[in-house]
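Student: Since the structure of chain A is already known, use the hints to place chain B on it.
Number of protein chains: 2
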Amino acid sequence: MQILDGKKLAEKIFDQLKTEVAALGDIRLAVVKIGSHSATDQFVRIKKKRAEEIGIKVKIYDDFAEDISTNALRERMKEIVHAEENTGVIVQSPLPKHIDEQAIFNTVIPEKDVDMLSARAVGDFAVGKSKIKPPVVGAIAALAREYGINLTDKYVVVVGAGALVGRPVVSWLMQEKVTFSQVVKTTAHPERFFKEADVIISGVGKPSIIRGDMVKEDVIVFDAGTSTAAGVTLGDVDFNTVAPKASHITTVPGGIGPLTVAVLLRNLVTFAKLQKQ
Amino acid sequence: MQILDGKKLAEKIFDQLKTEVAALGDIRLAVVKIGSHSATDQFVRIKKKRAEEIGIKVKIYDDFAEDISTNALRERMKEIVHAEENTGVIVQSPLPKHIDEQAIFNTVIPEKDVDMLSARAVGDFAVGKSKIKPPVVGAIAALAREYGINLTDKYVVVVGAGALVGRPVVSWLMQEKVTFSQVVKTTAHPERFFKEADVIISGVGKPSIIRGDMVKEDVIVFDAGTSTAAGVTLGDVDFNTVAPKASHITTVPGGIGPLTVAVLLRNLVTFAKLQKQ
Numbered sequence: 012m013q014i015l016d017g018k019k020l021a022e023k024i025f026d027q028l029k030t031e032v033a034a035l036g037d038i039r040l041a042v043v044k045i046g047s048h049s050a051t052d053q054f055v056r057i058k059k060k061r062a063e064e065i066g067i068k069v070k071i072y073d074d075f076a077e078d079i080s081t082n083a084l085r086e087r088m089k090e091i092v093h094a095e096e097n098t099g100v101i102v103q104s105p106l107p108k109h110i111d112e113q114a115i116f117n118t119v120i121p122e123k124d125v126d127m128l129s130a131r132a133v134g135d136f137a138v139g140k141s142k143i144k145p146p147v148v149g150a151i152a153a154l155a156r157e158y159g160i161n162l163t164d165k166y167v168v169v170v171g172a173g174a175l176v177g178r179p180v181v182s183w184l185m186q187e188k189v190t191f192s193q194v195v196k197t198t199a200h201p202e203r204f205f206k207e208a209d210v211i212i213s214g215v216g217k218p219s220i221i222r223g224d225m226v227k228e229d230v231i232v233f234d235a236g237t238s239t240a241a242g243v244t245l246g247d248v249d250f251n252t253v254a255p256k257a258s259h260i261t262t263v264p265g266g267i268g269p270l271t272v273a274v275l276l277r278n279l280v281t282f283a284k285l286q287k288q
Numbered sequence: 012m013q014i015l016d017g018k019k020l021a022e023k024i025f026d027q028l029k030t031e032v033a034a035l036g037d038i039r040l041a042v043v044k045i046g047s048h049s050a051t052d053q054f055v056r057i058k059k060k061r062a063e064e065i066g067i068k069v070k071i072y073d074d075f076a077e078d079i080s081t082n083a084l085r086e087r088m089k090e091i092v093h094a095e096e097n098t099g100v101i102v103q104s105p106l107p108k109h110i111d112e113q114a115i116f117n118t119v120i121p122e123k124d125v126d127m128l129s130a131r132a133v134g135d136f137a138v139g140k141s142k143i144k145p146p147v148v149g150a151i152a153a154l155a156r157e158y159g160i161n162l163t164d165k166y167v168v169v170v171g172a173g174a175l176v177g178r179p180v181v182s183w184l185m186q187e188k189v190t191f192s193q194v195v196k197t198t199a200h201p202e203r204f205f206k207e208a209d210v211i212i213s214g215v216g217k218p219s220i221i222r223g224d225m226v227k228e229d230v231i232v233f234d235a236g237t238s239t240a241a242g243v244t245l246g247d248v249d250f251n252t253v254a255p256k257a258s259h260i261t262t263v264p265g266g267i268g269p270l271t272v273a274v275l276l277r278n279l280v281t282f283a284k285l286q287k288q
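So the sequences go chain by chain: A and B.
In the working numbering, each residue's number is its place in the first sequence (first place is 1) plus 11.
In the working numbering, each residue's number is its place in the second sequence (first place is 1) plus 11.
Hints should not be assumed to be uniformly reliable.
Unchecked claim - Taking lysine-lysine pairs in the DSSO-like style, the calculated list, with each CA pair at most 27 Å apart, reads: (1) 89/B <-> 140/A; (2) 206/A <-> 206/B; (3) 142/A <-> 140/B; (4) 18/B <-> 144/B; (5) 165/A <-> 188/B; (6) 144/A <-> 188/B.
No lab work stands behind these hints, which were simulated from the structure alone.
For clarity, every value in this text was computed on a predicted model and none was experimentally measured.
Chain A on its own, in the form it takes in the complex:
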């Protein structure tokens, strides 16, 4: 069993980026955040820390009333997105429930959309016209390359259909002409899919929904789900029972998470280069 070491690969990417950033000069990531939420705050803190370590400036916009309307926030977003100092813009989800989150994501122009959550970035990626990859896709692709895993000849099962993991992963697998299945919350007997899977990519955010007795020998597991219980970060996969059967597996934490941050910042550096051309 081989651990797919996302943390180590992320460090390698951060090192490369550090050199590139030094050569490029001012790069700034704008982070839009509304309200306070322990998980959200932690994600923002990690991104800020990682960015600053490699010389990228971070500007956090969090001076919004919690009851700000979608329209008012869209107006503020326009200013933030078009500010020349901001090389890229991310909106930390979840936003308060009364806000039309997609309408906010859509204010980010493709040239600054490092998270690729706007409809335009989603579409550009789906038709093969994007210069970058959605962060989770970039993370999985980077790990697969690093460990010599070829997905195109495998049967992949994607668990979850959310905007951050399931949707971009499915879009990617379609482009790569990979055979895959999509399992969702309402899927009856999801283990009938897990049992056949050569590769499982999960992004649900519920602990231990995939257990050792549900997978086949030599399965390859990318766990992009995170949830917290009693202060501990957990993945979707029950590592203790799945790892002994897996040929390759990520850990949570230390797997897809840190690598996603690395890819996000790599996307930002790509945009910085394009903007400075």
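Tutor: Relative to the frame of chain A, chain B by itself:
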């Protein structure tokens, strides 16, 4: 076994549209076509005939040199797309191989993109921000509604990953949180998926790739594939062996095809209403 009668449902939609078009006044569909190709010519002819029958004007733009460059065609597309008389614009694929087809599709603005092949329309649909559906998706959704088929509690197998069928269908199934699998050309033993499928949606364009011995009893089949052999139009499904086992099945011709044209024109009428607001 129940035939899913796309032709009949299409006639019903055409009748409704005829009344709406009469009330709306001038509506024009622009069709961009390069070179001559018997299948393409036939598709264009059918769309023109159907549109004109319900009072929609059709303008065919086909005065292009066969060796026109992508850039030159993009320039011409801008004029066509922005001409006020054109309510909607379609580009008849396939374009000559030297042209970047997606770059041409992308010139169609979302407000006129009845075929939903531009990156922006693909993205809008994927994030749930589209006022219309891709024609094939609209056709399948209309048939499912007409015959009381609920896809959300079924296991769907999508065959093919092309821009016209597989990609929009997968995007739709994800939004609807349906459990599905995507089978492609390189899938080893595709029958292992067909055998389990409650519903098969196929859009490959190769005759008889799905046969009776590969499917289970009571399967529901939407055949959106078309190919021609010796002047006869064929689907992906071997109707003679699959129909006896199916609970519901489309025919080719007379199934998804005519209904796709009806949905395309319904999309056009929707845009006409929005433009006249």
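Student: Would you pick out the hints that fail for this structure and give their numbers low to high?
Tutor: Of the numbered hints, all hold.
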